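**Student:** Okay, here's what each chain looks like letter by letter:
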Amino acid sequence: MRSLPFGTVVRVTANGSATPAERPTRRRPAPTSGPILLARGLRKTFGEFTAVDGIDVEVQAGESFGFLGPNGAGKSSTMRMVGAVSPVSGGELRIFGLDPASDGPAIRARLGVCPQTDNLDDELTVEENLWIYGRYFGLSRAQVRERAAELLEFAQLTDRAGDKVEPLSGGMKRRLTIARSLINNPELLLLDEPTTGLDPQARHVLWDRLFRLKRSGVTLVITTHYMDEAEQLCDRLVVMDHGRIVAEGSPRDLIARYSTREVLELRFDADDQAAPAAALAGVGERLEVLPDRLLLYAHDGDAALSAASARGIRPLSALVRRSTLEDVFLHLTGRTLVD
Amino acid sequence: MTSTSTPYAGREAPGPRPPLARGERMGSVVAYFVDVYRRVWRGSIIGRFLSPLMFLLSMGLGLGTLVDRSSGGVDGHTYLHFVVPAIIATQAMWVALGESTYQVRSYFKYNRMYDAMLATPLSVTDVLVGHLLTVAAHLTVATVVFVAVAALFGGFASWTVLLAVPVAVLTGLAFAVPIFGFSSRSDGDDGFNILFRLVITPLMLFSGTFFPVSQLPLVLQPVAWATPLWHGVELSRAAAYGRTDLWPCLGHLAVLLVFVGAGWVYTLRGYTKALVR
Ligand SMILES: Nc1ncnc2c1ncn2[C@@H]1O[C@H](COP(=O)(O)OP(=O)(O)OP(=O)(O)O)[C@@H](O)[C@H]1O
Ligand SMILES: [Mg+2]
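Which chain is which? The protein sequence lines are A and B, in order. Numbered according to our numbering, the first sequence terminates at residue 319, and the numbering increases by one at each position without gaps. Numbered according to our numbering, the second sequence terminates at residue 518, and the numbering increases by one at each position without gaps.
Treat the hints as calculated values from the structure; they're not laboratory data. Treat the hints with caution; some may be incorrect.
[Stated by the list, open to error] Derived pair list, reagent style BS3-like, types lysine-lysine, alpha-carbon separation capped at 30 Å: (1) A:K194 x B:K514; (2) B:K350 x A:K144; (3) A:K194 x A:K153; (4) A:K153 x B:K514; (5) B:K514 x B:K350.
[Claimed, not checked] Some, not all, of what chain A presents toward chain B, calculated at C-beta under 10 Å: (6) P67; (7) F76; (8) P85; (9) T97; (10) Y116; (11) S120; (12) R160; (13) E167.
These numbers come from a predicted model, not from an experiment. Note that beta-carbon positions come from the ideal geometry of N, C-alpha and C, so glycine has one too.
Let the hints inform the model, and build the full structure from the sequences given.
**Tutor:** Spelled out as structure tokens, the structure:
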């Protein structure tokens, strides 16, 4: 019958039995030698168009890694290749040390995928969506039911278990999609813009859930175009633009490397930014002129503000804030992340 | 062996997981469609009883009485016996269409269920075969129901009509398999409109369903020969009449199998192109 698989079962169960019974975070990453995700010169082309243009990425077990970039940067294209559903156009890609071209099913069996757009069955109930999905991974009916109950708890959807998906809020659907992606106890979870389109409260609930997962040892790979999300969730990230990686590091590293500690934001009456911009020459480290405001990068924002006042600059409003990844992005690409 | 109670245990443990057998993979896809069907079965079952019933009453009994009275039936059979096996095959075509056009499109475009399935260990072939198996099951149920209803009205001359069930399933698949591929390629509604108006409706009328193909103008007869419906109708009729002319039947069978086979190649290609991108 399944003589070959049985060999695997023995080995897997041997190390699986060591997993603690804590749920749904009961698992520790399997001792995998080498990175969980490795990309070298990875490319994706659609006809003439190059969506991913030779990126190098390495993610270790237990890490939480982010792709930060604006619309069209190639984040989803990358995620779909990593998810072993989209064929690689060039370069090398290994997930769990396996090649998606030859070991797609084996890789996908160990992955959780939360796609950019929810693809739940709206007409089925919340729990049916989970049950059905578990079957695709070969889980028995009993296993699926047990797991689904845990995950509904985790996603705070237990009281909606028997309801149809369709009327659920965006945040609930997103949590359900994430719960579904965990049905097979994945070692690596791919989250493509997990909180885009959600209100701030729903985002915080989700971040909290993802944080728990990370703490339980699941490796997270996240794409986002929100710098606060990247700062919250990612140990390390790459900034992507036009299919390329333009910077890499921890959020804090990147800010230290590409920005200043603080930023002074100045707003003026619509059209006359040129004069104050010129007057600010020499104040702070760097000046960025945006259509609606000036950003003055300085180690001490308040000092910069005093200096500006001393030069007779009278903005409509002035705000001193800490530097964010958005500033890093602006510096690297000359554009803002979210238009 | 280990002390594991089920062979699935490894599928929840971290690390490499035992692969799924082909049957498990396709079975899990069928399980999904069964769940989908479970929420609509009431309406669907009622439809399955009603539409053949209406056909039987209007065509078989209504029109039939007229035909039998004026020309003494068709080819030595009552009109009812002539038309019922044809309606079986035609109904199979309609069931197949219902399952393979807008439905299939929605799994690609709207709820993206296919994408969701392919993010798991399932392959395009698993998903496609699983879905087609569901259509085959649907065809079986619909046909059995129809045969039962028609039997109440004395719709058949012979018990060999039971052979019309597999024939109807095959006829339905001869439509469903290629049309799955058509739907995987079509974007707007134009494709479906053309399909229904320019292909399916004429097929209904010119495939020897309501009158023998020999009544058609000579130029139109070859059209009938090229359509799966005509072959399905003829085969179904042979089954219902208990006819034993083997060679024509094998010919009809071969044509239907070619539609399924060539349709499979066309459809798998369309699916792969749309889903693996
Ligand atoms: N199937 C496809 N065929 C053709 N072009 C595609 C396809 N998928 C993506 N692209 C193009 O590749 C580029 C990168 O798309 P991708 O979805 O990877 O970007 P993204 O970083 O995820 O953007 P967003 O933040 O909007 O989701 C875009 O210009 C997009 O139009
Ligand atoms: Mg995207």
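**Student:** For a quick check of understanding: which of the numbered hints are violated here, in increasing order?
**Tutor:** When the structure is compared with the hints, only number 1 turns out to be violated.
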